[in-house]
Amino acid sequence: MDFEYETFQLFSGSESSDTDTEEEGSQVLTTAFAKNGYISIMEVETKPRSFTRNLTAFLAANLDANHAEWLLWGCCLCSGLVDSTIYSAYSTFVSMQTGNTIFVALGASNQNPRPYGWARSLTSIGCFTLGCFLFGRLNRWMGGKRRGTLVLSFSIQLVLLVITATLVTTGVIESSRPTSTNLTAAAGDAAETQWTQEVPIVLLSIQSAGQIVASRALGFNEMPTVVITSLLCDLVVDPELFLPRNNKRDRRVGAFVLTLAGAVAGGWMVKTTGNIWPALWLVTGIKAAIIVAWVFWRETESQRAV
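So the sequence shown is residues 10 to 315, counted in the working numbering.
Honestly, the hints are just simulated from the structure, not real lab data.
Treat the hints with caution; some may be incorrect.
[Stated by the list, open to error] Straight line, CA to CA, 25 Å or less: simulated DMTMM-like cross-link-like pairs of lysine to aspartate or glutamate:
1) Lys154 to Asp259
2) Lys257 to Asp247
3) Lys257 to Asp73
4) Lys154 to Glu207
[As the list claims (entries may be wrong)] Computed beta-carbon distance windows for the label pairs:
5) Phe305 to Asn256: 17 to 25 Å
6) Cys242 to Leu139: 36 to 44 Å
7) Asp73 to Leu252: 18 to 26 Å
8) Phe305 to Ala270: 20 to 28 Å
9) Asn119 to Asn255: 30 to 38 Å
10) Thr178 to Arg307: 18 to 26 Å
11) Phe305 to Gly228: 35 to 43 Å
12) Val273 to Leu115: 19 to 27 Å
13) Gly157 to Ala298: 25 to 33 Å
14) Val181 to Ser59: 39 to 47 Å
15) Asn256 to Ser59: 23 to 31 Å
16) Trp204 to Asn75: 28 to 36 Å
17) Ser239 to Gly157: 45 to 53 Å
18) Gly157 to Asp259: 24 to 32 Å
All C-beta atoms in this analysis are idealised placements derived from N, C-alpha and C, irrespective of residue type, glycine included.
With the hints as extra help, turn the sequences into a complete structure.
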(Lines of atoms letter the chains of each structure in order from A and count residues from 1; the text may use other names and numbers.)
(Lines give C-alpha, C1' and ligand atoms only; values in the text may rest on other atoms or scores of the structure.)
Protein backbone atom coordinates (compact mmCIF):
# COMPACT_ATOMS: atom_id res chain seq x y z
CA MET A 1 0.00 0.00 0.00
CA ASP A 2 1.39 3.37 -0.99
CA PHE A 3 1.56 6.12 1.60
CA GLU A 4 1.54 9.82 0.86
CA TYR A 5 4.09 12.11 2.42
CA GLU A 6 3.57 15.80 2.93
CA THR A 7 6.19 18.20 4.18
CA PHE A 8 5.52 21.44 5.99
CA GLN A 9 8.06 24.05 7.10
CA LEU A 10 7.31 26.21 10.08
CA PHE A 11 9.42 28.82 11.84
CA SER A 12 9.52 29.32 15.55
CA GLY A 13 11.82 31.05 18.01
CA SER A 14 11.44 34.47 16.42
CA GLU A 15 8.98 37.26 17.11
CA SER A 16 8.91 38.24 13.46
CA SER A 17 6.51 36.51 11.05
CA ASP A 18 9.05 36.83 8.26
CA THR A 19 10.05 33.33 7.10
CA ASP A 20 13.31 34.36 5.49
CA THR A 21 15.94 31.99 6.89
CA GLU A 22 18.69 34.54 6.24
CA GLU A 23 17.50 37.14 8.71
CA GLU A 24 20.07 38.09 11.29
CA GLY A 25 19.91 36.11 14.50
CA SER A 26 19.11 32.47 15.10
CA GLN A 27 15.76 30.91 14.16
CA VAL A 28 14.36 27.42 14.58
CA LEU A 29 13.23 25.72 11.41
CA THR A 30 10.43 23.25 12.15
CA THR A 31 9.77 20.63 9.49
CA ALA A 32 6.62 18.55 9.85
CA PHE A 33 6.27 15.23 8.02
CA ALA A 34 2.75 13.88 7.56
CA LYS A 35 2.63 10.10 7.22
CA ASN A 36 -0.51 7.97 7.52
CA GLY A 37 -2.24 10.76 9.34
CA TYR A 38 0.51 11.14 11.94
CA ILE A 39 2.76 14.15 12.06
CA SER A 40 6.38 13.97 13.11
CA ILE A 41 8.16 17.22 13.80
CA MET A 42 11.89 17.89 13.44
CA GLU A 43 13.41 21.16 14.60
CA VAL A 44 16.70 22.38 13.20
CA GLU A 45 18.27 25.61 14.41
CA THR A 46 19.32 27.74 11.46
CA LYS A 47 22.60 29.63 11.52
CA PRO A 48 22.74 33.44 11.56
CA ARG A 49 23.91 35.25 8.46
CA SER A 50 27.64 34.74 7.99
CA PHE A 51 30.23 37.48 8.43
CA THR A 52 31.14 37.18 4.75
CA ARG A 53 27.60 37.85 3.62
CA ASN A 54 27.26 40.77 6.01
CA LEU A 55 30.51 42.27 4.73
CA THR A 56 29.47 41.76 1.11
CA ALA A 57 26.16 43.50 1.72
CA PHE A 58 27.95 46.31 3.56
CA LEU A 59 30.39 46.96 0.71
CA ALA A 60 27.74 46.59 -2.00
CA ALA A 61 25.46 49.21 -0.44
CA ASN A 62 24.86 52.36 -2.46
CA LEU A 63 25.81 55.48 -0.52
CA ASP A 64 23.73 58.61 -0.13
CA ALA A 65 25.38 61.40 -2.13
CA ASN A 66 23.85 64.14 0.02
CA HIS A 67 26.63 66.24 1.57
CA ALA A 68 29.30 64.16 -0.21
CA GLU A 69 30.62 67.45 -1.58
CA TRP A 70 32.45 67.84 1.72
CA LEU A 71 34.68 64.91 0.82
CA LEU A 72 35.14 66.21 -2.72
CA TRP A 73 36.15 69.59 -1.30
CA GLY A 74 38.88 67.69 0.49
CA CYS A 75 39.95 66.37 -2.91
CA CYS A 76 40.08 69.94 -4.24
CA LEU A 77 42.38 70.87 -1.38
CA CYS A 78 44.56 67.89 -2.28
CA SER A 79 44.74 68.97 -5.93
CA GLY A 80 45.98 72.42 -4.96
CA LEU A 81 48.56 71.00 -2.56
CA VAL A 82 49.89 68.41 -4.99
CA ASP A 83 50.02 70.57 -8.11
CA SER A 84 51.77 73.50 -6.42
CA THR A 85 54.43 71.27 -4.88
CA ILE A 86 55.01 69.13 -7.95
CA TYR A 87 55.27 72.19 -10.16
CA SER A 88 57.82 73.70 -7.78
CA ALA A 89 60.01 70.61 -8.06
CA TYR A 90 59.41 69.32 -11.59
CA SER A 91 57.87 72.23 -13.54
CA THR A 92 54.78 70.26 -14.46
CA PHE A 93 51.30 69.55 -13.15
CA VAL A 94 49.68 66.24 -12.28
CA SER A 95 46.06 67.44 -12.15
CA MET A 96 45.68 70.53 -14.36
CA GLN A 97 46.20 69.05 -17.79
CA THR A 98 45.44 72.26 -19.69
CA GLY A 99 48.72 73.74 -18.47
CA ASN A 100 50.56 70.54 -19.35
CA THR A 101 49.18 70.67 -22.87
CA ILE A 102 50.66 74.15 -23.30
CA PHE A 103 54.00 72.97 -21.90
CA VAL A 104 54.09 70.13 -24.43
CA ALA A 105 53.29 72.59 -27.22
CA LEU A 106 56.07 74.95 -26.09
CA GLY A 107 58.46 72.03 -26.19
CA ALA A 108 58.01 71.90 -29.95
CA SER A 109 59.82 75.26 -30.17
CA ASN A 110 62.26 74.37 -27.38
CA GLN A 111 60.95 76.99 -24.99
CA ASN A 112 60.64 74.87 -21.84
CA PRO A 113 62.72 76.29 -18.95
CA ARG A 114 64.02 72.83 -18.03
CA PRO A 115 65.53 70.19 -20.32
CA TYR A 116 62.89 67.75 -21.54
CA GLY A 117 60.26 69.59 -19.53
CA TRP A 118 57.77 68.76 -22.24
CA ALA A 119 58.40 65.04 -21.60
CA ARG A 120 57.28 65.38 -17.99
CA SER A 121 54.11 67.15 -19.08
CA LEU A 122 53.44 64.55 -21.75
CA THR A 123 53.91 61.81 -19.17
CA SER A 124 51.40 63.49 -16.89
CA ILE A 125 48.82 63.83 -19.66
CA GLY A 126 49.21 60.20 -20.69
CA CYS A 127 49.07 58.80 -17.15
CA PHE A 128 46.13 61.00 -16.18
CA THR A 129 44.24 59.72 -19.22
CA LEU A 130 45.18 56.14 -18.35
CA GLY A 131 44.01 56.69 -14.78
CA CYS A 132 40.64 58.00 -15.96
CA PHE A 133 40.25 54.94 -18.17
CA LEU A 134 41.09 52.49 -15.38
CA PHE A 135 39.07 54.17 -12.63
CA GLY A 136 36.17 54.63 -15.04
CA ARG A 137 36.11 50.93 -15.92
CA LEU A 138 36.34 50.06 -12.22
CA ASN A 139 33.28 52.19 -11.52
CA ARG A 140 31.32 50.70 -14.40
CA TRP A 141 32.18 47.18 -13.28
CA MET A 142 31.51 47.60 -9.56
CA GLY A 143 29.00 50.46 -9.45
CA GLY A 144 30.15 54.03 -8.92
CA LYS A 145 28.14 54.83 -5.77
CA ARG A 146 28.79 51.61 -3.90
CA ARG A 147 30.72 51.79 -0.66
CA GLY A 148 33.19 49.14 -1.79
CA THR A 149 33.91 50.97 -5.05
CA LEU A 150 34.61 54.30 -3.35
CA VAL A 151 36.72 52.71 -0.62
CA LEU A 152 38.74 50.76 -3.19
CA SER A 153 39.16 53.77 -5.49
CA PHE A 154 40.45 56.04 -2.75
CA SER A 155 42.56 53.24 -1.28
CA ILE A 156 44.35 52.93 -4.62
CA GLN A 157 44.92 56.69 -4.59
CA LEU A 158 46.24 56.41 -1.04
CA VAL A 159 48.69 53.65 -1.97
CA LEU A 160 50.03 55.70 -4.89
CA LEU A 161 50.51 58.69 -2.58
CA VAL A 162 52.26 56.61 0.08
CA ILE A 163 54.67 55.17 -2.49
CA THR A 164 55.46 58.62 -3.88
CA ALA A 165 55.88 60.24 -0.47
CA THR A 166 58.13 57.41 0.68
CA LEU A 167 60.34 57.62 -2.39
CA VAL A 168 60.91 61.36 -2.05
CA THR A 169 61.22 61.29 1.75
CA THR A 170 63.94 58.65 1.67
CA GLY A 171 65.81 60.47 -1.09
CA VAL A 172 65.42 57.69 -3.64
CA ILE A 173 64.02 60.33 -5.99
CA GLU A 174 65.27 63.92 -6.02
CA SER A 175 62.49 66.24 -4.96
CA SER A 176 64.09 69.34 -3.50
CA ARG A 177 62.89 72.70 -4.71
CA PRO A 178 65.17 73.96 -7.51
CA THR A 179 67.43 76.86 -6.62
CA SER A 180 68.22 79.92 -8.70
CA THR A 181 70.64 77.97 -10.86
CA ASN A 182 70.63 79.09 -14.44
CA LEU A 183 68.53 76.30 -15.88
CA THR A 184 68.43 77.90 -19.31
CA ALA A 185 72.16 77.50 -19.71
CA ALA A 186 71.85 73.86 -18.81
CA ALA A 187 68.98 73.19 -21.16
CA GLY A 188 71.14 71.26 -23.55
CA ASP A 189 72.90 69.31 -20.86
CA ALA A 190 71.47 65.81 -20.59
CA ALA A 191 73.01 65.45 -17.16
CA GLU A 192 70.43 67.90 -15.80
CA THR A 193 67.63 65.50 -16.72
CA GLN A 194 66.81 62.99 -14.00
CA TRP A 195 64.44 60.49 -15.52
CA THR A 196 63.67 58.98 -12.13
CA GLN A 197 61.58 62.10 -11.55
CA GLU A 198 59.08 60.62 -13.98
CA VAL A 199 58.04 58.13 -11.28
CA PRO A 200 56.20 60.55 -8.96
CA ILE A 201 54.63 62.22 -11.98
CA VAL A 202 53.28 58.87 -13.17
CA LEU A 203 51.92 57.87 -9.77
CA LEU A 204 50.40 61.21 -8.85
CA SER A 205 48.80 61.74 -12.26
CA ILE A 206 47.02 58.39 -12.00
CA GLN A 207 45.77 59.13 -8.49
CA SER A 208 44.50 62.54 -9.57
CA ALA A 209 42.36 60.82 -12.18
CA GLY A 210 40.61 58.86 -9.44
CA GLN A 211 39.24 62.10 -7.97
CA ILE A 212 37.50 63.36 -11.07
CA VAL A 213 36.06 59.92 -11.86
CA ALA A 214 34.66 59.73 -8.31
CA SER A 215 33.08 63.18 -8.63
CA ARG A 216 31.40 62.11 -11.87
CA ALA A 217 30.19 58.83 -10.37
CA LEU A 218 28.63 60.66 -7.41
CA GLY A 219 26.86 63.10 -9.74
CA PHE A 220 28.86 66.23 -8.84
CA ASN A 221 29.75 67.32 -12.37
CA GLU A 222 29.92 70.92 -11.17
CA MET A 223 33.03 70.23 -9.08
CA PRO A 224 35.47 67.95 -10.94
CA THR A 225 38.15 68.55 -8.24
CA VAL A 226 41.00 68.91 -10.76
CA VAL A 227 39.75 71.55 -13.22
CA ILE A 228 39.30 75.26 -12.56
CA THR A 229 38.68 76.75 -16.03
CA SER A 230 35.32 75.10 -16.73
CA LEU A 231 34.34 75.46 -13.07
CA LEU A 232 34.70 79.25 -13.19
CA CYS A 233 32.82 79.44 -16.47
CA ASP A 234 29.93 77.35 -15.13
CA LEU A 235 29.89 79.45 -11.96
CA VAL A 236 29.38 82.84 -13.61
CA VAL A 237 27.01 81.73 -16.42
CA ASP A 238 24.64 80.06 -13.95
CA PRO A 239 21.28 81.89 -14.31
CA GLU A 240 20.62 81.24 -10.61
CA LEU A 241 23.98 82.66 -9.53
CA PHE A 242 22.52 85.32 -7.20
CA LEU A 243 19.75 83.29 -5.61
CA PRO A 244 20.00 82.88 -1.83
CA ARG A 245 20.02 79.08 -2.12
CA ASN A 246 22.03 77.52 -4.92
CA ASN A 247 23.83 74.30 -4.03
CA LYS A 248 25.76 74.03 -7.30
CA ARG A 249 27.03 77.60 -6.98
CA ASP A 250 28.11 76.96 -3.41
CA ARG A 251 29.94 73.78 -4.42
CA ARG A 252 31.78 75.55 -7.23
CA VAL A 253 32.82 78.44 -5.00
CA GLY A 254 34.02 76.02 -2.33
CA ALA A 255 35.96 73.99 -4.89
CA PHE A 256 37.71 77.08 -6.25
CA VAL A 257 38.55 78.49 -2.81
CA LEU A 258 39.90 75.19 -1.50
CA THR A 259 41.96 74.50 -4.62
CA LEU A 260 43.47 77.98 -4.32
CA ALA A 261 44.03 77.55 -0.58
CA GLY A 262 45.72 74.20 -1.16
CA ALA A 263 48.02 75.69 -3.78
CA VAL A 264 48.97 78.59 -1.49
CA ALA A 265 49.60 76.24 1.43
CA GLY A 266 51.64 73.90 -0.75
CA GLY A 267 53.77 76.75 -2.04
CA TRP A 268 54.57 77.96 1.46
CA MET A 269 55.34 74.44 2.65
CA VAL A 270 57.83 73.95 -0.17
CA LYS A 271 59.38 77.37 0.40
CA THR A 272 59.70 76.79 4.14
CA THR A 273 61.00 73.21 4.09
CA GLY A 274 62.81 73.24 0.75
CA ASN A 275 61.18 69.93 -0.13
CA ILE A 276 57.87 68.55 -1.35
CA TRP A 277 57.44 65.54 0.90
CA PRO A 278 55.68 67.41 3.77
CA ALA A 279 52.86 68.39 1.43
CA LEU A 280 52.66 64.87 0.02
CA TRP A 281 52.28 63.35 3.49
CA LEU A 282 49.61 65.92 4.31
CA VAL A 283 47.66 64.92 1.20
CA THR A 284 48.12 61.27 2.16
CA GLY A 285 46.53 61.98 5.53
CA ILE A 286 43.58 63.77 3.91
CA LYS A 287 42.96 60.85 1.55
CA ALA A 288 43.10 58.41 4.47
CA ALA A 289 40.48 60.48 6.30
CA ILE A 290 38.26 60.41 3.21
CA ILE A 291 38.48 56.61 3.10
CA VAL A 292 37.39 56.40 6.74
CA ALA A 293 34.48 58.71 5.93
CA TRP A 294 33.34 56.45 3.08
CA VAL A 295 33.43 53.44 5.40
CA PHE A 296 30.98 55.08 7.81
CA TRP A 297 28.99 57.09 5.27
CA ARG A 298 25.23 56.58 5.38
CA GLU A 299 23.49 54.42 2.84
CA THR A 300 20.57 55.40 0.64
CA GLU A 301 17.06 55.10 2.08
CA SER A 302 16.32 52.05 -0.07
CA GLN A 303 19.42 50.31 1.27
CA ARG A 304 18.52 51.07 4.88
CA ALA A 305 15.04 49.68 4.34
CA VAL A 306 16.36 46.27 3.31
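Hints versus structure:
no.: 1; hint: Lys154 to Asp259; verdict: holds, 22 Å
no.: 2; hint: Lys257 to Asp247; verdict: holds, 9 Å
no.: 3; hint: Lys257 to Asp73; verdict: holds, 17 Å
no.: 4; hint: Lys154 to Glu207; verdict: violated, 33 Å
no.: 5; hint: Phe305 to Asn256: 17 to 25 Å; verdict: holds, 23 Å
no.: 6; hint: Cys242 to Leu139: 36 to 44 Å; verdict: violated, 27 Å
no.: 7; hint: Asp73 to Leu252: 18 to 26 Å; verdict: holds, 25 Å
no.: 8; hint: Phe305 to Ala270: 20 to 28 Å; verdict: holds, 26 Å
no.: 9; hint: Asn119 to Asn255: 30 to 38 Å; verdict: violated, 47 Å
no.: 10; hint: Thr178 to Arg307: 18 to 26 Å; verdict: violated, 36 Å
no.: 11; hint: Phe305 to Gly228: 35 to 43 Å; verdict: violated, 20 Å
no.: 12; hint: Val273 to Leu115: 19 to 27 Å; verdict: holds, 25 Å
no.: 13; hint: Gly157 to Ala298: 25 to 33 Å; verdict: violated, 18 Å
no.: 14; hint: Val181 to Ser59: 39 to 47 Å; verdict: holds, 44 Å
no.: 15; hint: Asn256 to Ser59: 23 to 31 Å; verdict: violated, 41 Å
no.: 16; hint: Trp204 to Asn75: 28 to 36 Å; verdict: violated, 46 Å
no.: 17; hint: Ser239 to Gly157: 45 to 53 Å; verdict: violated, 30 Å
no.: 18; hint: Gly157 to Asp259: 24 to 32 Å; verdict: holds, 29 Å
Hint violations for this structure: numbers 4, 6, 9, 10, 11, 13, 15, 16 and 17, all remaining hints satisfied.
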